[in-house]
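Q: The residues making up each chain are set out below.
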Amino acid sequence: MSWNYVKDISNCGLFGVISKKKRLINGEIARRAIANMHDRGNGLGGGFAAYGIYPDYKDFYAFHIMYDSLKAIDETEEFLRDNLEVVHEEDIPTRETDKIKWSPYLKRYFVLPANNPKERELELLRGMDDDYIVRVVMIINDRIEGAYVFSSGKNMGAFKGVGFPEDLAEFYRLDEYDGYIWIAHNRFPTNTPGWWGGAHPFTLLDWAIVHNGEISSYGINRRYLEMFGYKLTLHTDTEVVAYLMDLIVRKHGLPFEIAAKIFAPPFWKDIDEMDEDEREAYTALRAVYGSAVLNGPFAILFAFHNGLMGLNDRVKLRPLVVGEKDDLVYMSSEEAGIREVEPDLDRVYAPPAGEPVLVFTEEEKD
Amino acid sequence: MLFYEEKDARETLKLRSLKKGEYHQDYPLYTVVRDNDKCIRCLACVRQCSYEATFYDPVRNVIYNKDEACVGCLRCVAICPTDAITVKRNDTKYRENENWREETIKAIKKQADFGAARLTGLGNDKGYKIYFDHMVLDASQVTNPSIDPLREPMELRTFLGRKPDSVKVEFRNGKLHLKEKIPPQLKLEVPVIFAPMSYGSINFNFQAALAIAAREAGTYFNTGEGGLHQKLREFGSNAIVQVASGRFGVDIDYLEAAAAVEIKIGQGAKPGIGGHLPGEKVTADISRTRMIPEGSDAISPAPHHDIYSIEDLRLLIYAIKEATRYTKPVSVKIAAVHNVAAIASGIARAGADIIVIDGFRGGTGAAPTIIRDHVGIPIELAIAQVDQRLRDEGIRNWVSLIAAGGIRSSADIVKIIALGADAVYIGTAAMVAVGCTLCQQCHRGICAWGITTNRPDLAKRINVDIAAEQLYNLLRGWAIEIREMLGLMGVNSIESLRGNRLKLRGVGLTQEELDVLGIKHAGLQ
Ligand code: SF4
Ligand code: SF4
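Note that the protein sequences, when read in sequence, are chains A and B. Residue 211 in the numbering used here sits at position 211 of the first sequence, with consecutive numbering throughout. Residue 370 in the numbering used here sits at position 370 of the second sequence, with consecutive numbering throughout.
It is possible that some hints are incorrect.
Label pairs and their in silico Cβ distance ranges [claimed, not checked]:
no.: 1; chain 1: B; residue 1: Leu524; chain 2: A; residue 2: Glu96; range: 54 to 60 Å
no.: 2; chain 1: A; residue 1: Pro352; chain 2: B; residue 2: Arg325; range: 53 to 59 Å
no.: 3; chain 1: B; residue 1: Gly523; chain 2: A; residue 2: Asp175; range: 43 to 49 Å
no.: 4; chain 1: A; residue 1: Glu78; chain 2: B; residue 2: Gly523; range: 48 to 54 Å
no.: 5; chain 1: A; residue 1: Gly194; chain 2: B; residue 2: Asp125; range: 20 to 26 Å
To spell it out: a stretch of chain A is covered by chain B in this simulated footprint if at least three of its residues, at any positions, have a beta carbon under 8 Å from a beta carbon of chain B; those stretches are [unchecked claim]:
no.: 6; segment: 53 to 63
no.: 7; segment: 71 to 84
no.: 8; segment: 116 to 123
no.: 9; segment: 226 to 240
no.: 10; segment: 252 to 260
no.: 11; segment: 313 to 327
no.: 12; segment: 335 to 345
Hints listed in this document are in silico derivations from the structure and should not be mistaken for laboratory results. Bear in mind the structure is a predicted one, so any value in this text is a computation, not a measurement. Just so you know, even glycine gets a beta-carbon here, dropped at the ideal spot from N, CA and C.
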């Protein structure tokens with residue numbers, strides 16, 4: 001029954017950085033920045049996503065998958081072999097540390113859609129690679145007990161789990177990765193079981209989201225997405241944000257700026273002040289996408305292969321600070337997190353409520 | 001035989017109906033007590049009692065009451081300048097019997113006397129479970145802050161009408177621009193609309209007050225099926241006009257004057273049956289507005305005689321859309337019945353932009369009591385099922401849902417919107433705002449409060465300006481309360497409440513009831 005679910009509640013710390021020139025940034029930067037905001041989490045969840053880390057396999061979808069059991073591995077790998085072309089697979093390298101006492105099996109695969117998938121519903125999606133991959137992810141998460149896909153985008157990956165983020169960085173050996181975008185998350189859940197899949201970032205294709213806040217509109221956001229065929233399995237606000245983004249940007253073809261205006265719409269009193277043309281547009285946007293408004297306190301960082309977006313709720317009930325240095329743009333819950341890795345900033349500011357901060361990499365700006 | 005050849009049978013059996021006043025073997029429900037010391041013999045009560053339950057004996061200088069005529073409308077109590085009057089329930093009662101209750105016995109005796117179907121006004125007054133009273137709301141604590149409506153904007157604006165799946169917009173010179181218009185919408189500043197009440201069943205003064213209040217509050221009133229009086233045409237942009245089975249008052253000017261057009265299929269108080277405004281109530285003005293001869297009975301057939309199926313409904317919807325050149329939303333109003341969800345889905349697919357579901361508590365100007373009290377289902381269950389069904393079919397955005405029949409307070413509104421409604425109709429509550437005491441005599445056309453009557457001396461008891469102010473105040477007060485409730489739930493616009501059933505919990509409901517409502521029991525996370 002689609003209404004009978006429990007929602008997790010959590011508060012968190014965020015950090016993100018992007019190089020507009022696509023210069024590579026070491027994982028240490030993300031680790032140090034998020035470690036600086038240690039007290040924003042409680043050790044029950046942390047994670048990172050990085051872009052540009054798999055140059056050798058940049059044209060393949062990189063699957064990061066966690067498994068609870070060997071049986072889940074067998075089942076998943078059989079499914080992968082039947083439905084994907086796997087060019088390379090390996091364990092995700094980890095380092096032993098005192099702080100992370102237990103971990104699931106963690107593997108990664110570099111894949112393309114198969115020409116002759118066994119699965120009927122995938123056969124119908126041949127030629128539509130992104131939809132195909134999204135479906136594969138949903139099938140694994142939904143059908144295979146004990147298997148869960150952390151990430152599935154090209155030339156990117158998510159590293160997450162239960163623990164403080166700085167300890168997870170150590171565990172995942174993030175100092176051995178260089179990327180042009182990093183986002184990081186430190187989680188303070190109040191009621192969640194310690195499940196590695198529940199940590200942020202949440203991803204879909206090459207999109208990754210970290211999120212601080214509680215979406216009070218969750219109940220309707222979720223039912224709205226279900227109407228469009230999304231299966232929500234995680235009981236987190238963040239999953240809702242990711243799928244809404246998928247619906248609005250990928251399926252409905254609207255740009256990120258407009259997605260931001262849907263999530264955090266201008267108030268009617270401000271819309272009423274606009275000229276007629278704009279008023280009509282915002283009125284239509286709000287009338288049609290009312291169920292997609294993210295209402296309640298939030299700060300979100302949203303990364304994709306050529307950009308990073310930061311967004312606050314429309315009354316700014318959660319912190320978000322932006323710092324700039326040369327071609328680097330930092331976004332963080334606290335300025336201290338940015339200063340930790342870049343004391344000498346060109347500019348620091350707090351974006352206004354509901355105003356997206358959207359940064360694209362230079363050569364791919366569209 | 002008695003049913004089909006009633007007249008003949010009565011003649012052969014020498015049956016007769018008793019005349020009014022020839023009551024036998026029953027006692028009055030109310031007794032009017034007048035404090036002789038306080039009463040100053042101003043006779044206001046005598047003049048005000050339209051039920052002729054009060055009379056004055058000038059010889060003895062005493063005011064008497066004929067208790068069996070008293071309906072408990074409390075007009076005399078309200079009007080008495082010295083508070084000399086108390087209307088009490090009669091202490092006399094039939095012997096206690098859980099099975100044969102007073103109302104049942106009285107009904108039989110009355111029918112034995114009069115040999116007719118009992119008529120009544122207003123809505124179902126029976127003791128069915130009121131689901132509104134078994135649902136409670138959530139509030140924010142710590143993890144998400146509540147929002148203070150006195151400091152932050154708190155938005156109630158609602159649009160009713162068909163919504164496309166997506167919009168086509170783009171930024172042009174940094175400004176958002178709409179590339180393709182969306183279908184016509186009704187814009188509500190408060191998600192409450194005055195329910196259909198026809199001119200005829202109510203009088204002009206009350207309808208004018210509804211129109212003024214709707215305009216002031218940024219919402220709409222519904223004409224019901226009685227047409228739109230010429231003098232109210234200026235309120236057309238706040239009017240939803242009905243096209244009902246009698247087609248009273250319908251012409252192109254009527255459709256064009258309105259903001260939206262509503263096809264009335266059914267009414268919660270009397271699903272599946274028509275209506276009847278007796279000829280003596282069809283005054284010159286009403287006859288002009290309804291476009292029927294003066295003094296003729298205004299009969300609304302049970303079904304529309306051009307709608308015997310969903311395909312027929314589609315034809316009428318599109319006939320109206322064509323006639324109004326697709327500039328107005330078309331609404332379809334049905335009573336909440338067992339398979340309401342499937343019917344609503346059909347209506348959405350037939351092209352309606354708005355669906356009104358009228359629950360079994362909904363009021364009426366006149367309905368057979370037995371039907372009012374036993375047919376239909378509660379609006380809470382109906383809305384929950386319709387909303388879920390439309391979502392399951394992926395067409396919830398094709399229509400807006402209006403919940404009608406049984407909305408009593410701002411809390412009811414918040415709850416039904418959380419269950420999935422876009423807005424509500426209020427009828428009974430609007431009447432109570434201008435004086436109605438729920439005496440359920442509306443069908444008699446002599447409402448002592450001047451609401452459901454067209455007798456000029458009674459109708460003038462509604463002062464248009466005062467009534468409009470009372471109606472406006474009610475909406476204003478409810479809007480303040482709704483904003484408070486939104487704020488404490490941590491949201492600052494009504495669209496984040498709509499269909500957000502996580503904000504509701506049931507108290508004292510069975511699993512089956514919770515499943516139908518689509519909510520969890522209180523205490524569960
Ligand atoms: S005014 Fe109403 S309450 Fe008073 S005596 Fe007449 S019917 Fe009864
Ligand atoms: S409208 Fe008048 S007659 Fe009808 S219930 Fe109210 S007070 Fe009684």
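Q: Output the numbers, in ascending order, of every earlier hint that fails for this structure.
A: 1, 2, 4, 5, 6, 7, 8, 12
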